[in-house]
Structure formats: structure tokens, C-alpha cells
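Participant: Here is how the chains run, residue by residue.
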Amino acid sequence: MTRPDKYVGKGIPMVTAGRFTRGMGRYVNDLPLVNVKHVAFARSTEAHARITSLDVSAAAAHPGCIAVYTADDLFPLLVNPYWGGWEGTARAEGSPLARNKVRWVGEPVAAILANSRYEAEDIAELVDVSYEPLPAVTDPEKALAPDSAVLYDEWDSNTYFHDEFECGDLAGAFERADGVVKRRFTAARHTGTPLETRGIVAEYDSGLESLTIQCNFQDVYLARAIIAEVLDMPPSQVRVASPDSGGGFGVKLPVYPEELAVACLSLKERGPIKWIQDRQEDLIGTSQHRDLIIEAEAPYATDGKMLGLKVRIVSDGGAYGVPARGNTVEGMMAAEDLVAGGHDIKDYAYVLDVAMTNKPPTCVYRGVAQPVTVFALDSLMDAIAEETGVDRGEVRRRNLIKQDQFPYETATKGYVMEPGSYEEALNKALELVGFDEWPEYQAKMRAEGRLFGLGITCGAEAAARGATWYGKRGLPISGQEGCQIKIDHTGRVYAALGTTTQGQGLETSLGQLIADELGVDIADVRVTMGDTDRTPYGAGTWASRCATLGGSAALRASEELREKVLKVAAARLEANPDDLELADGHVSVKGAPSTALTLREVARIAYFEASDLPRDIEPTLEAVHHFDPPSATFSNSTHVIILEVDPGTGAITFHRWVCVHDCGTVLNPLIVNGQLQGAMAQGLGGTILEHSVYDENGQPLATTFMDYLVPTSLDVPEMELHHFETPSPFTGLGVKGVGESGTVFAPGAIATGVADALGVHVDRLELSPSAVYDLLMRRGNGDAGSVSA
Amino acid sequence: MKPPSFEYRRAASVDEALELLAAGDGDAKALAGGQSLVALMNLRLARPVTLVDIAPIAELRGVSSNGSLRIGALTTFTELEQDPTVAQAAPLLAEALPYIGHPAIRNRGTAGGSVAHADPAAELPVVLSALDATVTVRSRTGERTIPAREFFRGFLMTAAGHDELVTAITLPPATDGAAFEEFARRPGDFALVSVACAVSGGEATVALGGVSGAPVVVGPTAVDSEDAIDAFAASAAESIAPPSDVHGSREYRQHLTRELVARAVRRATAARRS
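Which chain is which? The protein sequence lines are X and S, in order. Remember, our numbering sits 1328 above the position in the first sequence when you count from 1. Remember, our numbering sits 8 above the position in the second sequence when you count from 1.
Quick caveat, the hints were computed from the structure, so don't treat them as lab data. These figures come from a predicted structure and were not determined experimentally.
Simulated restraints, written as ranges between beta carbons of each label pair:
1. S:257 x X:2087: 19 to 25 angstroms
2. X:1752 x S:90: 50 to 56 angstroms
3. S:208 x X:1347: 55 to 61 angstroms
4. X:2048 x S:235: 40 to 46 angstroms
In silico contact screen, one side only, chain X against chain S (beta carbon under 7 angstroms); selected entries:
5. 1445
6. 1450
7. 1606
8. 2021
9. 2037
10. 2040
11. 2101
Quick reminder that beta carbons are idealized off the backbone N, C-alpha and C, glycines included.
Just chain S, with the same shape it has in the complex (with noise of 0.2 angstroms):
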């Protein structure tokens, strides 16, 4: 478990990145809290011949809140954890973040690397796909903004090309009510089934995560009584074909997606219902 060769590269600037990627043709790989990717290079699953270390760059930390919610690439998740204005701004986030590893992880992981890793069973890209939210990335060419739920295409797989640098995430304002739901083996490990829920208007939006390649994006569906969560959950779990692993069976993973689905949207309109 040891990684093969690569050269290692510290940019001291988004340019300097940017150039770096631009130059590894494919090859190169922005390096962030590592917590991915280094694991990945161990096992020599992914062989960068560049690693372009982007931890340097302060512009692309921090948090900013102007209604919507804006998280720098290179945001650890304790930062957003200990930020008030997370917990304000995106409930959705802050019930999600404590899910997201271990405290060692989260002090070293990344809100964009989470992102660019793009793991199905990942906490963050199902609460942005649940908020309809975008991530902004960049090239020596420009920058775009992408919603994330083009963003998140398949297994490890995103929309960003390889001399694409992820510089920021943004969540929209604050829906009416928000849960998160996971169940993983142990607490920390990868969700065998997560789901994020928005309820804006009456209306439920579920995220599920664990259950394909990328996020999968449920609802919006009117939710305004006990039969109609149950109903709404029963799509949800019918909605996907789940895969079988070592960590449960298909139709485990459904039945899961079913029960969570409906505690986050009983969660997430007890307020109202009440």
C-alpha cells in the first residue's frame, strides 16, 4: 500500500494551479485535505503523475453569506461545522456535516475536494443536490457555474474536466424545513443509505445517496399528509435499482431508502404538520 512515484507540485496561487493542471494534460491532480485521493494513490487506484498541493491558497477558504451561502473549495468540514453562519444559512448542511468521517477527517477534508471526488456515498453532494445547489469551477479559460445536479455524473465522475479546478460551492437560501438521514454500518463510515430532504412550500425534495453512481434526485412531491410521506417514500425506494455488496443486498438498500426517506420528510414538515 504504497503509492507509486509522482512529482508533487505546491501552487501558491489559483493561477499557478490552473497552469499546473493545464500542464498535466490529464495527468495531474489537485491535491486538498488528501483524505480521498492520497488513500486512493495507496492502493494505487489512482496514479497521478502531478500532484498540485492547492493547500497554499487562501483565497479559496472560507465562507460567505449573502442569502445564499458560499463555501470556498478549500474549506475544511470542521470549519463549517464551528461557523455560525452555516448553521443558518444551510440547516440542511450542518445536520449533514457531523455524518461526514471521523473529527480527524473532517479536519482535513475538504468542501470542494468532497465535491471533485464526487463518492456516491458521500455526505456533501446529496445535500447539494437536495438544495439545488452550484459549484463553480475553473480553468486557465474561465470560470462556470454548474448545478450540481449535472454536476455529480457517475461513480468518481463529475462534470468538471481535468484542467477544471473546483474554486467554490453555493448553496441557495434556506428551504422551510430540512432533514438529514444516513444509516451506515458504523458511525463515520461511508452511508449505505443517506438522504437528504428540502421541504419548501408543502413540497419534500429527497437526495439519496449510497444507492448509485451519483446522487439521486427525488420529489419535488406534495407531502402534506402521513399517506402521502409513505407514498412518496414507496416511490423513492422504487425509484432506484441500489447495487449488492458486502454491505447489504439490493432490496436491504431499498427497504432502507424507504424508512429514511420517510423519517427525513416527517423531520423535515414536523414543523408544519404541527
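Extracted from the complex, chain X is given alone in its bound form (with noise of 0.2 angstroms):
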């Protein structure tokens, strides 16, 4: 392909395609090993038990078994047992394998090795553990309760995190108002599920006293700082690396029990040791998500506003905090982000309550809380629209931050909004699928005896967290991002990032960006990220972060190279830097394109010929940036469903999935529209068809992909994105972030669309077939299958 002018803003294909397509990625399971030892784990089979006797023998005798470990030949070995959390958080000792108590079905209690995982799969069935069972806590309100069981024996109860907030005049706004909605809002658990599940590789070099670990974490550095503050290591002696990884969503941020294991043994055993998460253990023990409750009372005006908003919040946190953000993540988001997403609301006040119960625990996952407050939000402006009789669009409409508004601090102080499209993605989303003429449309298909429904959500995705809101608060956690860009003796371009690659598409995007600024073709800049020994230090992937932090790091860094570029030239050629430019791989005097250098010949020059050069100027051509951003950044989004449900089956059809999407400016939009198209895929996941299901005795029930679903190409409709561009002032080229708007946005469309469809409230995320049925059945008649309009 010749090279275009300009590379940013433009479809390229992602440079990482071919070697994927041709199955030529490495991951960890792909990396070549000498003398490995294979991990198994005996895990309980009990949600909350204690251990009365753990028997390894039979195992142990097992001729193909090179080694049992229990907790009590880890432990010592856990010079700070780190089972991280906020400030504020209760605090337990953990354990990578369980310590005389069980917390959750799968919890590792004894870890095997042999020369396959074969082998260490026939020993682990025997380990023989008994269990004096205990109440399985199950349900977050009843774990709150005085009379529950408690899961950790040095608490006086389950509550892990308690937060009370209020902020401007409450009292006075309900005062104020003409009415107030009063609905509670809860979600159904999920997952990840990435392609590639969790994986790990540990080395001990006793020779060198250094620790290399190489795995699928999505952010390296805080695996560094976890592992290494648990084996007591000075984090310079440990080194992780992400190879390639299939996916992450979140699910792979945590360091999970398994992974300190694995780090543990290599100690132990002086060698390489593995451990590939099979995918029955990542249904069971990776981390989970949403499982919140909200409970919301809204004082709203007859024009349709809401003058406040109070609610409770309870989040079911699962049964440990996994290091380092803890289980508090999606309450506390929750918490925020109501009032962060796209709405004026300053009148506001939260209880929240993170409660511990015998489930894995819950984490981050594309969206985090923001689903489930989207959810909430929208179906408040529904409620309202319904209570005061102003069409939806226009409650909505009412209640966006105004662009005069912007920069907006929301109610809690915890975020600095940028401008935004709000109103105009609103508008131009209700325009495309003819929302004027839509009663009538539906009353149409109705008498037709077809149930269709219209869902709206709009508003505004938080995402690139800088350092005040994690660092902050206690957290290992980095909320910059860093970038080196290198070009070699041969003007050819080297990145290194701190964050991570699950298939974004970041080599691409930040090679545009970074070809761009120095005037070379996309095939001559190699980017690579994730590995402590090689990559500036950075916070990894979530968020949304990287093309944003990622990227304004990668473009401060390009702009210094370039700066550089053109000084060596200048002093080569006798001329001012201000008059040269570099384009298309050479620098060249303004308006004389004869009298040029080739950037190779440039890059000789400061690798080799750094003599000729005055001295301020440092031979090679290297730069590093890192960048943190003012609070966060404010994509903002509209989606408008058209769908139907077959009121014989309780089976949802997408007709119409309308998405005005603004991330500011689109680097690639191929990219941006394969993130969007992805996360809602997820988010229609999450709402009709994923559901990590527990029973009440914390058995979990959706266990292999035959109960657990996620979406195929046949289960997700087309989708029709559109995109505003408003430049975020808070990063480089104006970025914001889009990973996770798709998924943020899609759950709350599906169920306003459903909840239009019936007439009925949707107080659930959780619409699969059956639960389209209950809801049917609530429609007042009895019989769900003679639905009349």
C-alpha cells in the first residue's frame, strides 16, 4: 500500500491480521518450554466449609505425581499475604490455596504437579479433602444481615466496604418536586470469558535470584507489584511479560489465587512451571461481574427534570477481594458514575454496601458498573416520561449537561467532564429511526398483535481513570501511561507501551499516530507492550485507556523525537530546525525539497556520527513520555433499539440498533467500530443470554458453554453506527475512550425496548427467553400467549 498523507482518521487494516489469521500468535500456552512442570488444582467442591482434614497421600503416591502443595507449604513462603482492596476496605489474610475454610465452589485447595496436565489432572481427583459444611451465603442483603453466616472468622460480618455520601440540597429537592420515582434496579452475574482463558509461566533463576513470569495480566506492572510485595521480592528482581492474549475484558487485570500458585511453586521448585486455566475453571473461578443492586428515588418536575437522586447501592462482592482492586470496584462505580453519565444531576446522595458472599469474587469487566447505572438511569427517564406525560426523548433531552455546562465536575467531585455531542447524538439517533412517527408505528404492529418496542439510552462512558482514582486511594495501580519510541540506526521506528494487547488493534492505531508524527510508512513502526524489563511503566489495559493515555503518551513521545530528528538535520545541512519538516521519510528545507536527508541518513548520523553533532545534542534517537490525564475523559453515546418479542417463545428480535457514538477524534475507524460492535455484542450478552447462575446452596450452574452462552455471529444483529467528533482537550489528537461504551450503553436499550414492547417495568437485567415469559405473565391478562394490544 503506498503511504498515504496521513494515516490517522483512516481504515487501516490491522498490521497484526496476517500473523493471527495464519495462527502464528504466541501465547502462553504456545511458548516454548524446557522442563516444565504442569499445574493441576483440587479445588472445593463446597461453597463455605471448613476444612476438617486434607489428605494428600494417595495423590502424593501417584506415580506420575512429582508434587503436592497445600497451604501450609505455601504460606510461609507469603511474607505479606496481599488481598488488596481500597482504603476502607476490611482487611483478611489470604492465601493462594484455601487455608481451613472453603469460600467459593472452585476454590483451589491443593496444587499438583506432573509432567502433563493430563497426569496432574488424574492426581488431583486424589486429593481427599472433608468439609464440615457451613451456610452457603448466597444472596448480598441476606449477607448483610445481623443473623447471616460469616465468611471470614475475624469479622463481626460480611461487609467488606460501607460508604455514605450526600452532596448538595436533597432534602430541598424533593421539597421541590411534583413527584418522585421510586424503582430498584438489580443485574444478573456474568463473565468475561475471553477466547484464551487465564494462563501462566513462572521461572525462578536461583542462580540470578529473579523471577520471570510470563502471562496473560492485562496490566504487568501491577502483577509486578503484587507478586512481588507477596514473595517478598524487590520488585527489580521480577520481571512479567504478556506475550500475545486473546482477549481480556477486565477478567484478566486481577492476580488471581491460581497465579500466585504458580509464582509460589517456581520458588519452590526452581523451574519453569505452567498452568493453562481450562475453561470449566474459568466459569467457576475467574472473576465475575455486575450482581448489583440499586435502589433509586427520584424527585422529578412536571418539565420532565430530575431534581436529585438518592439511592442505595449493594453490591455482591463474592468471597475474597482479588488483589489489587479488590471486590469494591463495581459498587463504588456505581456509585460515581450515576452521576457521571451525561446527566445534570447536583442534588445526590448514596449509601453503599459491598457484601462478601460464597461466590467468586466480582471485578472489573468491560463497563464495569456503568451497564447496570445506564440501565438505571434510563429507565428513571422512562419512569419520569411516563409519570409527567413529556415524550422520552424529551425527558432526556432535559436532563443532558448543556454544552455551556462543560467543564462539568460531577456531584460527587470525583470526575472533570469534558464537552461533549450529547444533545446532537440524541437528536440525530431518535432522527434515524423515526422516533416521531414511532406511536404510531407501534400501535400499528400491535393491532397486528406484534409486541414492538423502542429503547433508548444516551449519555456518557468514564473511562481512562487517571492516578486520582486509583493511586489515590491506596492502589498499586498506575493511572499514567508510558511510552519509548526509538528509531534505529536505520530510521525504522520501535514503541514500547505499558499497556497490554488482547487484539485491540493498538499496534495499528498507535502506529498511525506514531507514523504520522514522524513522517514514515505504518509498516516501518513496530510497536510492542506489556513486559517490566522492556516497557516503560504504565497501568496496562482497561478503562478504555490505551489509545487515549496510551496514545497521548506515544504522540508527546513522537513529537520530542521529531524535534530531535530535525535538529540533527539541521546541524547536517547548516540550517535552522525551524525550517526543515520530515514528511514521507526525509527532512527537507521548507519550499527547497531538494536539499534533503533521508531519516536513515539522519539516524546514522546519531547513532554513528554523534562527533559531528554540537554538543547539546545526545547521540541515538530515543524518547519517553508518560502521561496522566486531569481526572478521566467522557465519550458519549446514544443507542436506539427497534425491537420485537414473540410473545409464543419470550424471544427478542432486533430490528432496528442505531448507535450515534462520540469518542472524539476516531484514530482509526475500522477499529473503533469493531470495539463498538464487539462490546455490544457483550452487553446484549450480559442481558439475554450470559448468566453465571449459583443455586442456594452457592452451586454454581453454568459451567460449561452448554450453560453458559455466549452471543455467536447468529445471535447479534446488525448495527448501524454513526459518529459526532468533538476533541477531548484532556489528550493528544483529542481522543476519548470507546472500548467499553458498546457494552455500557446496549444492556439498558435492550431492556427500555423491552419494557416498551410490554408495557411493563424492567427491573432486571436478566431477559433471557424464560425471563420475557415472567415478565408477559406480569402483564396483568394471565396468558402470555394471547397478547391483544
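With the hints as a guide, dock the two chains, each given alone in a separate frame, to form the complex.
Facilitator: The following block contains the structure:
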């Protein structure tokens, strides 16, 4: 392909596509290893029980058994058990293998080492554990009750975190109100199911006294911090590197017990130890998500304006605080993001409880709490429309932050939001689906016995949270991102970032940005990520942050390098750097293109002929920059869905799905649209198909892909994507986050659409056909099969 | 998700397979397409000591028709889908085939394997039950032919002994009308409810899948009016006590049964009623 004038803004195909489609990716499981020992875990079959005996003699006697480890063998290694969490969270001693008690089905109890995973699994079956069952705590509200069984003996309740907040004049808002909408919203549990499950290889080198971890972590520096702290090793002696990784979505951010156990085992065994998670282990042991309750009271005026918001939030945190974010994130972000969703809410109060239960921990998954907060906010908008008679579009228009209110500080002072295209995006989406004609159309379809509904979500996605969010609250999580760029001695470019890649196309989008700044062909830009020995300190990949923060750091490093290239060239050409320009692989004098050096010639000077350069120009062409955002970035979206419910089956059919999106400057429309489509598919999955179901004994009921259903290409409808580009003043090139917003806005759009189709309130994000059937029955005539208009 | 160790034997003939199955004394399993068995082994829910791979046995492949349709046990679903004889001789089966898994599963999965596995939500057992088809099994001591309605005994349980190999299924001549209806969470998933409907002489027989341990047959019942169809659908739904699970409640499955029976009978009788 010939080099375009500018790469940014163009749909450049992913530069990694050839490698991956030809099966040449290298994932953890593909690493060539010598003398590796494989791990399988014996896992708890009980949700909540005391371990009364743990007999590993039969396992140890198996001819293929290299070693069996239990908590007693590993615990002395854990100088500082760090079962992390925010400041203010309850703390408990942690262990990668269960000690004395088990707290969820699937908790690792013993680790078996063998020469193959097959043998290791055979041996794991021989571990004999006796349990004294305790009452399983599976409901977060019951978990908080004084009579509940308590998960941690050293605590007097299951409260992991409690917070209360009030601002503005909420009492006044209730007094001024013409009415109050009260609703209770809940969301089912689901998980991320990356195509590639978790996996780790740990190798301790006793000569160097160093530990090398190759793992598909999304944040290698966080993993290094946790592992070094737990093992009491200097972080500089621990290298964490992420090879290729097939999807992450947040669930590869925590440092789980299994990964810590493998790191411990490599210290014990002094050689490479490997564990590749299988899908069953993923579905019962990887962090899960949502499982939130939001009870809301919203005072409103007859013109449709919501005057304030009072909520009680209960988050089901699961059985332990997973390092380092703990399990408060869903709850805390719900509390913050209800007033950072693009609506002007100044009078606000919340009470938040995060409860421990006998289920896997909840942590961060694409969108974190926002799919639920958007669902709640848009359902409240519809409730206000229903009460006031103001149309659903107009209610939203009246509640969105107005253009002249930006920069907008949120009620909790958690964020400062930059301008977007909130009202334009809403108007455009409504226009695209013919919102004005909708009531007539819906009535016509009803007359034919068909249940059509229109769902709307609109607002902001909080993304790319900086240091103010995590680091200032006590966690070893860097909000900033770093990028190092080098032009090698032949003029080719190498960029290294602290982010990691799970298939998002960062090598391409950041390559475009760097190629533009340095005037080179994108084929000559190599972007690498995620290696604590080789890439600058960064915070990895989450919160739609890589193009915004990594891109900003890359832009600054590129700019610095460009200036240096011009200075080196100026010295050789005896020109003023200001009179030079760098484009198309050449540095030339502006207006006199024949006086030029190739970038290769400039690089040669910088590396090998530095003696010709003025003393104030250092040899080589390298630059590193770090970027921290003021608070976060906010992209905005409107989704409008027209769907149909089949009263015979409860199935939902999508007829239109319009998304009008504004993530500021679009670096690569192919990648941005791919992010949106994938995220919308995951939002659809979490709403209709994907549910991590537990029974009242804490037993997981969805442990294979026969019961945990992810959407396939046949389940995902065509999506109509449109963009506005309102650049962010906070980031390089004006980029705002995009990775999660599809997941954030899809569930609420589906739920409000189903509510509109059936004429009932939808209070729970769990719209399986069976759940839709229950809603149909609630319509009042008691006969879902004979729905009338 | 790795299977426990097992012995793998490849059988070149039916007789050799039968010897190996008998020698296994209940701990040997025949391996055909492996689309259900291998998954169960990986979950360690099935632990055969010996796997008898019958894939090389050519005589178990293929379809023949002389009014009734005989399907060799090793015939894959894709082969059935592509065979014009099947569409002509067994329209109900032809309609059900695309619901079986995905193309990759149909490329490997076999008719005999589906029957021997006897998943209550699988399509083929439901079709065979509706049509009153037969299953032929062989052991070292002989061959017997078992009506499908007696063959499927319960969840993953059949009338075949552990030393018997399913060799063929035989479908009777096509009925006056037929229709297959199924609802699953996603295309290709096991059915929440499936309905195979065969109509002969104004009477409908349905077999219901996914609602019990084995297909449930209802009818034959005269369905000569809209009211009769609705009444038949309602009685079919009332006759079952389906399980509640992560995919749907008992009430929902009953509702779905009523809906799908009505849809299937209406389609199967459409030509006649018009």
C-alpha cells in the first residue's frame, strides 16, 4: 500500500491480522519451554465449609506425581499476603490455596505438579478433603443481615466496604418535586469469557535470584507489584511479561490465587511451572461481574427534569477481595458514575454496601458498573416520561448536561467532564429511527398482534481514569501511561508501551499516530507492549485507556523525537531546525525539497557520527514520555433499538440498532467500529444470554459453554454506527475512550425496549426468554400466549 | 478438562467391534463422531476404560430406501442433509437436521451416535419417536430391532445393552404431513423444547424433546379444527412436568410446549386444511 498523507482517521487494516489469521500468534500456551512442570488444582466442592482434614497421601503416591502442595507448604513463603482493596475495606489474610476454610466452589485447595496436565488432573482427583459444611451465603442483602453466617472468622459481619455520601440540597429537591419515582434495579452475574483463558508460566532463576512470569495479565506492572510484595522479592528482580493474549475484557486484570500459587511454586521448584486455565475453571473461578442492586428515588418536576437522586447500592462482592482492586469496584463506580453519566444531577446521596458472599469475586469487566447505572438512569427517564407525559426523548434532552456547563464537575467531585455531543447524538439517533412516527407504528404493529418496543440509552462513558482514581486511594495501580519510542540506526521506528494488547489493534492505531508524527511508513513502525523489563512503567489495558493515555504518551514522545530528528538534520544541513520539515521518510528544507536527508541518513548521524553534532545534542534517537489525564475522559453515546418480543417464545428480535457515538478524534474507524460492535455484542450477551447462575447452596449451575451462553454471529444483529467527533481537550489528538461504551449502553437499550414492547417495568438485567415470559405473564391478563393490543 | 486415561481400539468390522465391546464388560464404549462422548470424557463425566473406534466400518455407512428409509449408524448428519433420498422419504427428519448443532458438529456427528447417546434434548430421538421408527442393534449373540418409543428409556439411557452396537435406524414411509419446531437459546443449541409432528389420516402425533428424560409422545389425536389443535397443544403441555434449570422454568417450558405444538400441528396440517 502506498503511504497516505496521513494515517490517522483512516481505516487501516490491523497490522497484526496476517500473523493471527495464519495461526502464528504466540500465546502463553505456545511458549517453548524445557523441563516444564504442569499444574492442576484440587478445588473445593463446597461453597462454604471448614476443612476438617486434607489428605494428599494417595495423590503423592501416584507414580506421575512430582509434588503436591497445600496452603501449609506455601504459606510461609507469603511474607505479606495482600488480599488488596481500597482504603477503608475490611482486610483478611489471604492465601493462594485455601487455609482451614473454603469460601466458594472451585477455590483451589491443593496444587499438583506433574509432567503433563493430563496426569496432573488424574492426581488432583486423589486429593481427599473432608469438609464441615457451613451455611452458604449467596444473597448479598441477606449477607449483610446480622443473623447471616460470616465468611471471615475475624470479622463480625460480611460487610467488606461501607460508604455514605450526600451533596447539594437533596431534601430541598424532594420538597420542590412534583413527584418521586421509586424503582429497584438489579443485574445478573456474568463474566468475561475471553477466547483465550488465563494462563501463566513462572520460572525462578536461583542463580540470578530473579523470577520471570509470562502471563496474559492486562497490567504487567500491577502484577509485578503484587507478586513481588507477596513473595517479599524486590520488584526489580521480578519480570512480568505478557505474550499475545486472546481477549481480556477486565478479567485478566486481577492477580488471582492460581497465578500467585504458580509464582510460589516456581520458587519452591526452581524451574518453569505452567498452568493454563480450562474453560470450566474460567466459568467457576475467574472474576464475575455486575450482580448489583440499585434502589433509586428520583424527585422530578412536571417538565420532566429529574431534580436529584437518592440511591442505595448493594454490591455482591463474592468471596474475597482479588488483588489489587478488591471487590469494591462495581459498587464504588456505580456510586460515582450515576452522576457522571451525562445527566445534570447535583443533589445526590448514596449509601453503598459491598457484601461478601460464597461466590467468586466481582471485579472489573468491560464497562464495570456502568451497564447497570445506564440501565437505571434510562429506566428512570422513562418512568418520569410515563409520569409526566413528556415524551421519552424530551425527558432525556432536559436532563442532559448542557453545552455551556462544560467542563462539568460531577456531584461527587469524582470527575471533570469535557464537552461532547450529547444532545446532537440523541437527536440524530432518534431521527434515524423515525422517533416522531414511532407511536403510530407501534400501535399499528400491536393491532397485528406484534409486540414492538423502542429502547433508548444515552449519556457518557467514564474512561481512562487517571491517578486520582486508584493511586490516591492506596492501590499500586498507575493511572498514567508511558511510551518509549526509538528510531533505530536505519530509520525504522520501535515503540514500547506499558499497555498490553488482547487483540484491540493498538499496534495499528498507535502505529498510525506515530507514523504520522515521524513521517514514516506504518510498516516501519513496530509497537510492543507489556513487559516490565522492556516497556515503560504503565498501567496496562483497561477502562478504554490505551488510545487515550497510551496514545497521548506516544504522541508526546513522537513530538520530542521529531524535534530531535530535525535538530540532527539541521546540524548536518547547516540549517535552522524551524526551516525543516519531516515527511515521507525525509527531512527537507521547507520550500527547497531538493535539500534533504533521508531519515535513515539522519539516524546514521545520530548513532554513528555523533562527533559531528553540537555537544547539546545527545547521540541516538530515543524519547520516553508519560501521560496522566486530569481525571478521566468521557465519550458519549446514544443507542436506540427497535425490537420485537415473540409472545409465544419470549424471544427478542432486533429490527434496528442505531448507535451514535462520539469518542472525539477517531484514529481508525475500522478499529473503533470493531470495538463498538464487539462491546455491543457483549452487552447483548450479558443481558439476554450470559448468566453465571448459582443455586441457594452456592453451587455454580453454568460451568460449561452449554449452560453459559455467549452470543455467536447468529445472535448479534446488524448495528448502524454513526459518529460525531468532539475532540477532548484533555488528551493528545483529542481522543476519548471507546472500548467499553458499547457494553455500557447496550443492556439498558434492550431493557427499555422490552419494557416499551410489553408495557411493563423491567427491573432486572436478565432477559432470557424465560425471564421475558415472566414479564409477559406480569402484563396482567395472565395469558402470555394471547397478547392483545 | 482432560479425560482420564483410556485404551483406544480401532475396529475394522462390526464383528470385531462387538468382540471388543463384549470384552469391555460394560467399561467399553463405541466411538463414532465423538461429538457428545468426547466432551463428556473431557468433563470426566464419562470414564470408559476402552474406546472402540468404529469409524472405519464401511458397512455402517449410508442410506437406502424402499418405502421405508434405512440409515446406517455411521452416516453423518451432513450426509443425511445432502442426500435427496432423505428429503423425499423422510421430510420430518430433513426438516429437523439443520437444528442439530452447527455444521462442524453435523460433519462429524452420526445418526447412530445421537441415538445411542440419547440426550433428551437431541433432535433425532424426537423425530424417531414421532414417526414410530425402529433402532437396530447387534451383539455377538444376534440382532434385534427395537421400536424407538421403547428404545429411549431416560436421560442418556437406552434399551441397548452394553455389548450391543446400534447399527441402523429405520424410518417408516412418509406421513401425510409433518413439521418440526424447536426453540433454543441460540441457533444450534440443544432445544429448550422441540416438537416433531407427524400427521396421518387427520390425526396428529407429536414427540416432545427437552421436556423429560426421554422423548414424550402425545397422540394420535384428531386435529380437524383450530379449536382441536389448540386443545391438543394444551393437553400436550399439561401432560408433561418439565424440569426447571438455568435456561427456563417449568412453567416457561410448558408454555413453550403449547406454543410449539400448536405451530407444528398447524404447519403439518396446513395443506390438508386448505
